[in-house]
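A.B. asks: From first to last, the protein sequence lines are chains A and B. FYI, numbering that gives the first Met the number 0 numbers position 177 of the first sequence as 176, with every residue one higher than the one before it. FYI, numbering that gives the first Met the number 0 numbers position 134 of the second sequence as 133, with every residue one higher than the one before it.
A hint or two may mislead.
Listed next, with one range per pair, are the computed distances between beta-carbon atoms [to be verified]:
no., chain 1, residue 1, chain 2, residue 2, range
1, A, 54, B, 39, 43 to 53 Å
2, B, 211, A, 279, 27 to 37 Å
3, A, 268, B, 225, 54 to 64 Å
4, B, 225, A, 152, 28 to 38 Å
5, A, 80, B, 125, 50 to 60 Å
6, A, 89, B, 37, 56 to 66 Å
7, A, 90, B, 202, 48 to 58 Å
8, B, 48, A, 127, 38 to 48 Å
9, B, 227, A, 69, 53 to 63 Å
Keeping only pairs whose Cα atoms sit at most 30 Å apart, straight-line, the calculated DSSO-like set for lysine-lysine is [stated by the list, open to error]:
no., chain 1, residue 1, chain 2, residue 2
10, B, 384, B, 193
11, B, 358, B, 405
12, B, 412, B, 384
13, B, 384, B, 227
14, B, 193, B, 173
15, B, 121, B, 173
16, B, 129, B, 384
17, B, 297, A, 263
18, A, 263, B, 227
19, A, 263, B, 193
20, A, 263, B, 186
21, A, 263, B, 121
22, B, 194, B, 173
23, B, 170, B, 224
24, B, 147, B, 129
Hints listed in this document are in silico derivations from the structure and should not be mistaken for laboratory results. The beta carbon of each residue, even a glycine, is placed where N, CA and C say it ideally should be.
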Amino acid sequence: MDIVVSQLMTGLSIASILMLVALGLAIIYGVTGVINLAHGEFVMLGAYAAWALQTEFGMGLLASLVPIFLITALIGWLVEVLVIRHLYDRPLDTILATWGIGVMAQQIVRLAVGGELRYVQMPESLSRSVTILGATDSAYRLFILFIALALFAVTWAIYRYTNFGLKLRAITQNRSVASSFGINASRIYRLTFAYGAGIAGLAGALVSPLKSVSPEMGTTYVVDAFMVVVLGGTQSLMGTLASSGILGELSGYLAFYSNDTIAKALVLLAIVVLIRFRPQGLFTARVRT
Amino acid sequence: MNKDRRSFLKATAALGTVSLVGFPHIWSKNASLARAADGQIKVGVLFSLTGTTAIIEESLNKATIMAIEEINAAGGINGMEIVPVVEDPASDPATFAEKARKLVLSDKCVSVFGSYTSASRKAVLPVFEKQNNLYWYPTLYEGRECSKNVIYTGAVPNQQQDDFIPWLVQKFGKRWYLIGSNYIYPKEENNYCKKLLAELGAEVVAEEYVPLGHSEFSSVINKLKAEKPNVIFSTVVGDSVVALHRQYRAAGLDPDTMPMASLTTSENEVAAMGGDAAAGHFTSAPYFMVWDSPENHKFVDAYKKRWGADKVTHFVSEPSYFQIYLFKQAVEKLAGSDITPNAIREAVKGQELVAPQGKVRVEPENLHTWLWPKIGQCQADGQFKILKQSDNWLEPDPYKAYPNQKCTAEGLKEI
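Produce the entire structure from the sequences given, and follow the hints as far as they go.
C.D. replies: Written as structure tokens, this is what we have:
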């Protein structure tokens with residue numbers, strides 16, 4: 000019984016990390032249509048920001064979350080202003096440009112602070128385990144789950160209930176019509192890109208106490224994030240939520256009953272088969288085109 | 000732009016001329032005579048200074064350079080100076096092979112010191128075998144190699160496991176969980192481990208491999224909770240090892256009852272994961288930075304003085320250091336005109352020297368090294384506490400897991 004519960008929690012924990020990482024990518028792609036290959040590097044920058052704030056200024060992880068969001072959002076904003084905005088409607092060029100930005104970010108970090116693996120101290124109050132229904136789980140993993148759901152709720156609320164969200168949806172549906180109604184599309188794009196980058200940074204900061212921090216760490220996360228977005232459908236926030244849940248539980252169970260190598264292969268295989276029959280992903284926004 | 004292009008063409012042309020001039024020497028029979036010309040002995044140093052494994056290989060480069068500087072400062076080898084030719088193979092096996100070819104063919108090095116990963120060693124091996132040159136490999140590795148052109152100064156599986164496994168079985172128990180990264184090294188180490196465990200009547204409750212670079216261990220940790228093994232034998236490497244240790248600790252598992260036993264977790268990995276996550280787990284290796292011997296104190300002090308007080312020495316940088324002294328002892332026995340890779344190999348057979356870890360010896364049969372295995376337990380300060388040293392130096396046997404094969408001076412023998 001307790002193994003069933005722990006395995007369920009494990010799946011949720013994997014899912015929450017997947018969602019944190021994928022959420023920013025899904026928002027950016029869903030709204031602006033930019034395939035951001037530098038997404039993993041925003042995750043990496045968030046992790047390094049957590050490490051730097053901790054080692055240089057002695058700030059705990061919890062206290063640094065807001066500054067980290069702001070720092071990575073600012074970097075995202077700059078990247079949009081300097082590069083991305085010149086490349087809208089040129090998807091191949093944005094892929095190349097964001098990939099280049101990713102490579103540069105890795106090398107800048109390597110030159111600035113060295114290539115050694117780093118780690119971030121877990122907050123003292125969360126570095127114990129708690130018992131739920133007879134199963135023990137790390138308090139920190141539950142905390143990540145909680146934050147991931149909260150971030151999702153905030154993003155959903157912005158999207159659904161604010162004036163900004165309304166404009167966002169209008170642009171997503173039809174940019175030229177929305178613009179002719181006086182909506183400043185470039186400003187919305189810029190803010191979206193910054194918000195997506197900020198969430199990626201938060202994701203990096205939150206996983207850093209559990210995983211290692213290195214200049215190349217983003218590469219694995221960007222692959223995971225793309226899997227989630229492809230499975231969930233590129234224009235649907237709910238799709239991102241559902242597909243990270245599915246992928247998390249699936250890889251958790253498969254890894255438990257076989258091993259992680261096989262789990263990884265089977266999950267990828269399942270996604271390939273699924274997009275063969277449903278190329279738009281599980282969820283699609285109903286958009287008139 | 001045009002000017003740039005022209006100077007680029009000129010440079011290319013110049014390079015072409017140089018290599019044309021250099022080319023015939025490869026075929027001249029007495030090329031080897033030139034190797035110790037002008038009182039200089041050229042050696043290659045081939046550790047990655049950029050790329051993914053640069054962090055660790057840089058420390059090997061530093062230990063190598065330091066030993067060469069020490070020897071030169073003390074008068075060189077028979078009055079001849081060692082001249083290191085440093086190349087950066089950029090953590091890429093193909094570049095390793097290319098740079099090795101350059102060091103052997105155009106620089107005419109009599110030996111090359113290099114490599115951390117087995118992949119890079121396998122990549123350069125054909126170069127050294129074809130040119131009959133010598134490669135000095137300082138890293139512990141999976142064994143099962145028998146080359147006349149490589150001097151192996153790191154440990155092979157039997158040297159790290161023969162003392163370690165029985166000690167752990169006696170201290171913690173007979174239920175073992177084997178986990179490793181999914182490539183050749185962990186599989187070979189586990190092969191030998193399973194053999195030892197079977198002899199001791201211990202049980203392997205699971206053997207599993209995670210992808211290289213894997214960082215999500217929560218399912219593995221659930222399995223550990225369900226199986227409750229006495230010992231986790233971990234051959235997980237790279238950034239995965241950091242994730243495994245940190246998640247093990249976050250899940251509230253206890254090293255006192257379910258410790259991880261590793262062959263690859265050195266002071267370097269501990270620094271990357273934090274002493275709190277590493278504390279209580281065990282590593283077996285011939286060398287730890289805290290080892291108390293006059294030679295090691297001298298080595299650690301010199302290393303910190305040369306490269307910075309925050310630097311650590313570890314069980315791969317120590318062989319990188321002492322193998323230069325083995326090279327020196329071998330070359331000292333040779334006449335100036337006879338310094339060839341072939342002669343150096345013959346001269347190094349059976350050489351002994353007191354290294355920081357203790358007295359080591361090059362086994363004439365298989366060119367591996369007799370070493371002093373130790374068992375260390377990691378402490379919260381990031382250093383190890385040495386609990387046990389083997390009573391005697393241990394013979395290297397790269398084919399110990401394969402009783403019907405033996406590495407001899409004539410090559411691999413089937414028995």
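A.B. asks: Take the hints in turn and mark each one as holding or not.
C.D. replies: Do the hints match the structure? See the list:
{"no.": "1", "hint": "54/A / 39/B: 43 to 53 Å", "verdict": "holds, 45 Å"}
{"no.": "2", "hint": "211/B / 279/A: 27 to 37 Å", "verdict": "holds, 33 Å"}
{"no.": "3", "hint": "268/A / 225/B: 54 to 64 Å", "verdict": "violated, 26 Å"}
{"no.": "4", "hint": "225/B / 152/A: 28 to 38 Å", "verdict": "holds, 34 Å"}
{"no.": "5", "hint": "80/A / 125/B: 50 to 60 Å", "verdict": "holds, 52 Å"}
{"no.": "6", "hint": "89/A / 37/B: 56 to 66 Å", "verdict": "holds, 60 Å"}
{"no.": "7", "hint": "90/A / 202/B: 48 to 58 Å", "verdict": "holds, 56 Å"}
{"no.": "8", "hint": "48/B / 127/A: 38 to 48 Å", "verdict": "holds, 42 Å"}
{"no.": "9", "hint": "227/B / 69/A: 53 to 63 Å", "verdict": "violated, 45 Å"}
{"no.": "10", "hint": "384/B / 193/B", "verdict": "holds, 27 Å"}
{"no.": "11", "hint": "358/B / 405/B", "verdict": "holds, 25 Å"}
{"no.": "12", "hint": "412/B / 384/B", "verdict": "violated, 40 Å"}
{"no.": "13", "hint": "384/B / 227/B", "verdict": "holds, 26 Å"}
{"no.": "14", "hint": "193/B / 173/B", "verdict": "holds, 12 Å"}
{"no.": "15", "hint": "121/B / 173/B", "verdict": "violated, 36 Å"}
{"no.": "16", "hint": "129/B / 384/B", "verdict": "violated, 44 Å"}
{"no.": "17", "hint": "297/B / 263/A", "verdict": "violated, 48 Å"}
{"no.": "18", "hint": "263/A / 227/B", "verdict": "holds, 25 Å"}
{"no.": "19", "hint": "263/A / 193/B", "verdict": "holds, 26 Å"}
{"no.": "20", "hint": "263/A / 186/B", "verdict": "holds, 19 Å"}
{"no.": "21", "hint": "263/A / 121/B", "verdict": "holds, 28 Å"}
{"no.": "22", "hint": "194/B / 173/B", "verdict": "holds, 14 Å"}
{"no.": "23", "hint": "170/B / 224/B", "verdict": "holds, 20 Å"}
{"no.": "24", "hint": "147/B / 129/B", "verdict": "holds, 11 Å"}
Of the numbered hints stated above, those contradicted by the structure are hints 3, 9, 12, 15, 16, 17, listed in ascending order.
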